Amino acid sequence: QKEVEQDPGPLSVPEGAIVSLNCTYSNSAFQYFMWYRQYSRKGPELLMYTYSSGNKEDGRFTAQVDKSSKYISLFIRDSQPSDSATYLCAMNGNYGQNFVFGPGTRLSVLP
Amino acid sequence: GAGVSQTPSNKVTEKGKYVELRCDPISGHTALYWYRQSLGQGPEFLIYFQGTGAADDSGLPNDRFFAVRPEGSVSTLKIQRTERGDSAVYLCASSTDREQTQYFGPGTRLLVL
Chain A
12 QKEVEQDPGP LSVPEGAIVS LNCTYSNSAF QYFMWYRQYS RKGPELLMYT
62 YSSGNKEDGR FTAQVDKSSK YISLFIRDSQ PSDSATYLCA MNGNYGQNFV
112 FGPGTRLSVL P
Chain B
48 GAGVSQTPSN KVTEKGKYVE LRCDPISGHT ALYWYRQSLG QGPEFLIYFQ
98 GTGAADDSGL PNDRFFAVRP EGSVSTLKIQ RTERGDSAVY LCASSTDREQ
148 TQYFGPGTRL LVL
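In order, the protein sequence lines correspond to chains A and B.
To convert, take the position in the first sequence, counting from 1, and add 11; that gives our numbering.
To convert, take the position in the second sequence, counting from 1, and add 47; that gives our numbering.
By construction, these hints were calculated from the structure, which means they are not laboratory data.
All figures in this text were calculated on a predicted structure; none of them were measured in a lab.
Hints may be right or wrong, so weigh each one.
Stated by the list, open to error - 30 Å max Cα-Cα, derived DSSO-like pairs, lysine-lysine:
#1 Lys13(A) / Lys125(B)
#2 Lys62(B) / Lys125(B)
#3 Lys78(A) / Lys64(B)
#4 Lys125(B) / Lys53(A)
#5 Lys64(B) / Lys53(A)
#6 Lys53(A) / Lys62(B)
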């Protein structure tokens, strides 16, 4: 079992839809969680950063962490074609530890 | 302000050759990370610098890979005797020592023929 898993997609949705992206992980020590967006042939760009369990909202994006289930989610409201990209989750247990990334989910928002 | 920059953006080399990949982090960022990303995969950690020293090099796959950061700013990833399996995008990221959020560069696409 990989340490962090994501459905690779591709996930195709119509413009305006609510998108749900998820990661599961196996290491209960993880407590810092990040979501990155990566456009084709570009480096990952940080979208959301959360610590421990709970929700965090930023504009159209909401990140949820459920440490008891080892499950994190990113919700995108009113999705736009410009949201079409690969979404990567990343996590670590303590400051200074290396981050573990999921393989990414490819999202396509159709106009 | 300037983000993380990486050079070259693309590198094609032959099997067995030596390559150097450069990363210029955001000014003032003390932490610097190297990752390798294969097609359809997430970034895979290689090495982490805090200042000039390698705080964690556990991700380097073998002794053909080496990285330096002599003045605590620019870093160079060095790959000796390249193999076709080394073909990937090599990403660099940096962060301050007060936060964990990392800022990535655009990557260097390495192709070993």
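* Distance restraint between lysine 13(A) and lysine 125(B), which requires alpha-carbon spacing of 30 Å or less -> holds, 28 Å
* CA of lysine 62(B) to CA of lysine 125(B), is that 30 Å or under? -> Holds. Lysine 62(B) to lysine 125(B) sits at ~15 Å (cutoff 30 Å).
* 30 Å Cα cutoff - pair lysine 53(A), lysine 62(B) -> holds, 26 Å
* Asked: Given the hint that lysine 78(A) pairs with lysine 64(B), does the C-alpha gap stay at or below 30 Å?
  -> Not OK: lysine 78(A) and lysine 64(B) at ~46 Å, beyond 30 Å, violated.
* To do: Would you mind confirming whether the straight-line C-alpha gap from lysine 125(B) to lysine 53(A) stays at or under 30 Å?
  => holds, 22 Å
* Asked: Quick one, are lysine 64(B) and lysine 53(A) close enough, alpha carbons at most 30 Å?
  -> Status holds; Cα separation ~26 Å.
The structure does not agree with numbered hint 3 stated previously, though it agrees with all others.
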